[in-house]
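Chemist: Residue strings, one per chain:
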Amino acid sequence: MSSLAAAVRTGHVGTSTLARSLGLVFGVALLLLLLSNWLGSYHELQLADGAYYFAALAGLSVLIGLSGQISLGHGAFMAVGAYAVMVLVGHGWALLPAICAAAAVCVVIGVPVGAAASRLRGPYLAGATLAFAVGLPALADRFPATLGGENGLTINPPAVPAWLGANFSLEEWQAWIACAGALVVLFVLYNLVHSGIGRSLRAGRDDEIAASLCGLNVARQQTAAFTISAGCAGLGGGLYAAVLNLATPSAFSVTLSLSLLTGVVVGGLGSLAGAAWGAALLVLLPTWTTSLAGSLSLNTNVQGNLPFAIYGVVLIAVMLAWPTGIHGGLRAAARFVSTRRRRR
Amino acid sequence: MTNFIDLTLSGVTSGAVYAAVALALVLIWRATRIINFAQGAMLMLTTYIASAVITSTGSYVIGFGAALASGLLLGALVERVLIRPVENAPELTAVIVALGLYTVLISLAGMVWGATPRAFPPAFSIRGYDIGGTHVLFAPNDTFIVLVVVAIAGILALLFRFTSLGLQLRAAAFNSEVAQLLGVRVGRMFTVGWALAALTGAVAGVLVAPSVFLAPNNFDPIMISGFVAAVLGGLDSPPGAVVGAMLLGLALSYVGGYAGTALVPIAALVVLVVVLMVRPTGLFPTTSERRV
Numbered sequence: 000m001s002s003l004a005a006a007v008r009t010g011h012v013g014t015s016t017l018a019r020s021l022g023l024v025f026g027v028a029l030l031l032l033l034l035s036n037w038l039g040s041y042h043e044l045q046l047a048d049g050a051y052y053f054a055a056l057a058g059l060s061v062l063i064g065l066s067g068q069i070s071l072g073h074g075a076f077m078a079v080g081a082y083a084v085m086v087l088v089g090h091g092w093a094l095l096p097a098i099c100a101a102a103a104v105c106v107v108i109g110v111p112v113g114a115a116a117s118r119l120r121g122p123y124l125a126g127a128t129l130a131f132a133v134g135l136p137a138l139a140d141r142f143p144a145t146l147g148g149e150n151g152l153t154i155n156p157p158a159v160p161a162w163l164g165a166n167f168s169l170e171e172w173q174a175w176i177a178c179a180g181a182l183v184v185l186f187v188l189y190n191l192v193h194s195g196i197g198r199s200l201r202a203g204r205d206d207e208i209a210a211s212l213c214g215l216n217v218a219r220q221q222t223a224a225f226t227i228s229a230g231c232a233g234l235g236g237g238l239y240a241a242v243l244n245l246a247t248p249s250a251f252s253v254t255l256s257l258s259l260l261t262g263v264v265v266g267g268l269g270s271l272a273g274a275a276w277g278a279a280l281l282v283l284l285p286t287w288t289t290s291l292a293g294s295l296s297l298n299t300n301v302q303g304n305l306p307f308a309i310y311g312v313v314l315i316a317v318m319l320a321w322p323t324g325i326h327g328g329l330r331a332a333a334r335f336v337s338t339r340r341r342r343r
Numbered sequence: 000m001t002n003f004i005d006l007t008l009s010g011v012t013s014g015a016v017y018a019a020v021a022l023a024l025v026l027i028w029r030a031t032r033i034i035n036f037a038q039g040a041m042l043m044l045t046t047y048i049a050s051a052v053i054t055s056t057g058s059y060v061i062g063f064g065a066a067l068a069s070g071l072l073l074g075a076l077v078e079r080v081l082i083r084p085v086e087n088a089p090e091l092t093a094v095i096v097a098l099g100l101y102t103v104l105i106s107l108a109g110m111v112w113g114a115t116p117r118a119f120p121p122a123f124s125i126r127g128y129d130i131g132g133t134h135v136l137f138a139p140n141d142t143f144i145v146l147v148v149v150a151i152a153g154i155l156a157l158l159f160r161f162t163s164l165g166l167q168l169r170a171a172a173f174n175s176e177v178a179q180l181l182g183v184r185v186g187r188m189f190t191v192g193w194a195l196a197a198l199t200g201a202v203a204g205v206l207v208a209p210s211v212f213l214a215p216n217n218f219d220p221i222m223i224s225g226f227v228a229a230v231l232g233g234l235d236s237p238p239g240a241v242v243g244a245m246l247l248g249l250a251l252s253y254v255g256g257y258a259g260t261a262l263v264p265i266a267a268l269v270v271l272v273v274v275l276m277v278r279p280t281g282l283f284p285t286t287s288e289r290r291v
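These protein sequence lines are chains A and B, in that order.
The first sequence begins at 0 in numbering that gives the first Met the number 0 and counts up by one.
The second sequence begins at 0 in numbering that gives the first Met the number 0 and counts up by one.
Simulated from the structure, these hints should not be mistaken for laboratory data.
Keep in mind the model is a prediction, meaning the values are calculated, not measured.
Take these hints with a grain of salt, some might be off.
Derived contacts from chain A toward chain B, CB cut-off under 7 Å, selection only [unchecked claim]:
#1 G164
#2 V264
#3 Y310
Reference excerpt, derived from the structure (chain B facing chain A, CB under 10 Å, subset only) [to be verified]:
#4 W28
#5 V52
#6 I53
#7 G57
#8 V60
#9 I61
#10 V96
#11 V103
#12 M110
#13 L164
#14 L166
#15 Q167
#16 Y257
#17 I265
The beta carbon of each residue, even a glycine, is placed where N, CA and C say it ideally should be.
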């Protein structure tokens, strides 16, 4: 029994990565299904929000954690994904192909951006991608006829299929769509992280020169990683469009890109579980702080700003307490508990 | 032609402000290898303090002094309390702490002063000079802005090059372990570096406030332009930051004037990408060595 536990812990269960990833995806899918059945419509929308954040965060987390590149521009890829869905659905496409096309568009854009990014390091990459996040939403103002200008674009909410019954709510259907997209991302990235590509990305991150001496083309790998994470962010943006049915330039400001970075780092860099923590944080923390501030009787200025103040304090506190993020902190705590138990 | 001259002059003025912000970022980057994303919020806070002091005393000079003093204090405080504990953590940890600080400062300012923009008095007249009968878009206050930024850049250059403090600051930034072995109080130098940077940022805030008005989020575009300028110039090079800021100020002014303001953010992106594709570590890289 203990040898089985050890085998599970180290991941050598004799099964392939593909089988393990499928098991993980089906397990999570079952959990989400039960959860969406149990939640009310408000929390179902929160679940949908968390799912599209997860898609973008997981891609960014793999990029930063695995290939060591920083992007402050993933909010712009989400914008591209959301606007792609808006425009295509507006031209009569069905939602599913539109979302797939949104991810594909971001992959196509991700190739040249990623190739440019692979030349840059650290803060220079951060600066270039930040300029990308600032510059791209301005395009909506430039082409108001197709992209709707400041007011953005809207589409009709997705129709709930008839086979789900008359009582099936729109919110639950939207949560299902978003969760399905998030599961696709989970499946793809889990396999990527545990594949040869993932290992060579880590090699390139840890020592670029040694990795190139081993025959790895680090620049090409970094471009690939950037492209995949851009695709994930585009998918997240497409899911955003399916859930909110609205895309405006102000929704994809620099603030979004910085929140994505925040979610990734606070959740725990480089791990898919960390991305899930980050998504939960981005959805739940603002809601909690707003309701907390609303429950106190304060003047308008204080009440309006208190949620952000608490948000900032939580970010700082988590980082000071657990510099490796929530996932890293929990793992350290679990390790601490298990060594204590073994000593006894 | 007059349009061109006007655009050039206003580009120089905004370039000067970007230069001050870029210098603040470069000073912190050199000292502690952190991009201080809270810089925009820090200079917002010091400008509010300056505004309050000017209103109560009626003196611009005292208000300016208050901004400088509060900048020094705030920079030192932030380094000691928030940045020091995460100095050896993964590099993005400090970035998130800075973003958290940004959020806290912005919301604190919103709580105390509200979101309504306030006017901030310029030091001198904002009516443009009349040169040979034509009215140019360059006012005595713009002269003041450029001169102040030139002065502060000059003082920083002299401080770093010719004083013992400057030598210790450079040593701590260049190689903190060796500097420590040679008796430099490295921790204190980092605090001084942050304080000087926040002071430079505070200057930028007071200079730009009359044109952007005073509100919690109104300094964010200045911060982003300052960052882009610093990256353009090369984050390790203070002269590079100034040159990068001037180039950016001029480029954005021309694009805004000839092609419309909607294109300005895209122009910033294009300028940055073109420069970085040719020189991946900015216009003035100080070292070709790369940490691997």
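Chemist: Could you check the structure against the hints above and give me the numbers of any it violates, in ascending order?
Modeler: Of the numbered hints, 1, 5, 6, 7, 8, 9, 13, 14, 15, 16 do not hold.
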